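*Asks:* Sequence:
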Amino acid sequence: MFDRLTDPAMPAVAMNEADYETARACGAYIQVTGPGGSVVVKVTDRCPECAPGQLDLSEQAFARIAGGVPGQVDVTWRLASPSGLGAVQYKVKEGSSAYWLALQVRQHRNLVTSLEVRVNGTWTPLRREMWNYFIAPNGLGPGPFTVRITDVFGERLVHTVNLSPGTTQQATGQFARH
1 MFDRLTDPAM
11 PAVAMNEADY
21 ETARACGAYI
31 QVTGPGGSVV
41 VKVTDRCPEC
51 APGQLDLSEQ
61 AFARIAGGVP
71 GQVDVTWRLA
81 SPSGLGAVQY
91 KVKEGSSAYW
101 LALQVRQHRN
111 LVTSLEVRVN
121 GTWTPLRREM
131 WNYFIAPNGL
141 GPGPFTVRIT
151 DVFGERLVHT
161 VNLSPGTTQQ
171 ATGQFARH
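If you use this note's numbering, the sequence shown closes out at 178, no skipped numbers anywhere.
FYI, nobody ran anything at the bench for these hints, they're computed from the structure. Being a predicted model, the structure only gives us computed values, none of them experimental. The beta-carbon is built from N, C-alpha and C at its ideal position, and this holds for glycine as well. No false leads were mixed into what you were given.
For each label pair, taking beta carbons as the anchor points, the in silico distance ranges come out as:
| # | residue 1 | residue 2 | range |
| --- | --- | --- | --- |
| 1 | G36 | S83 | 18 to 28 Å |
| 2 | F153 | Y99 | 33 to 43 Å |
| 3 | T168 | V73 | 30 to 40 Å |
| 4 | G67 | P144 | 41 to 51 Å |
| 5 | V152 | V69 | 30 to 40 Å |
| 6 | Q54 | P142 | 43 to 53 Å |
Let the hints inform the model, and build the full structure from the sequences given.
*Replies:* Here it is as structure tokens:
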């Protein structure tokens, strides 16, 4: 899950459990089309009470697609790859240490499918939790860490992340638009 401060100007959406896929969709951008138009929104949370295919749109997003219809409307949606984003960011969760680490990828243009850390020359995948952090339950030492993220299109970015709990670190580069 993302806090609203990650991008307050971007309309948000909570996604049904099936499509949320244990946070795999969190941070992705989707284009939602309804009877009144379409809007690009950022997946920031899950919606446990939503049926498969359903979305819970922010008021801002709903107003743009509903065409003045109150309540629920039929929509379609697809992954989006928006322009105008800066570089990828990494949030090091408060409480992270050399003995337990949680990293969140932020401001990524495309859906992130994996995060790996280079340990002794080998790329080691970290497990993504429902709350959208990738976890190293036994930590990775004092850092810094070389991380590799892969998007849904197979593109990879490699960055260095410092062990600095509670901070969001600006990386360089961004996934290509699709």
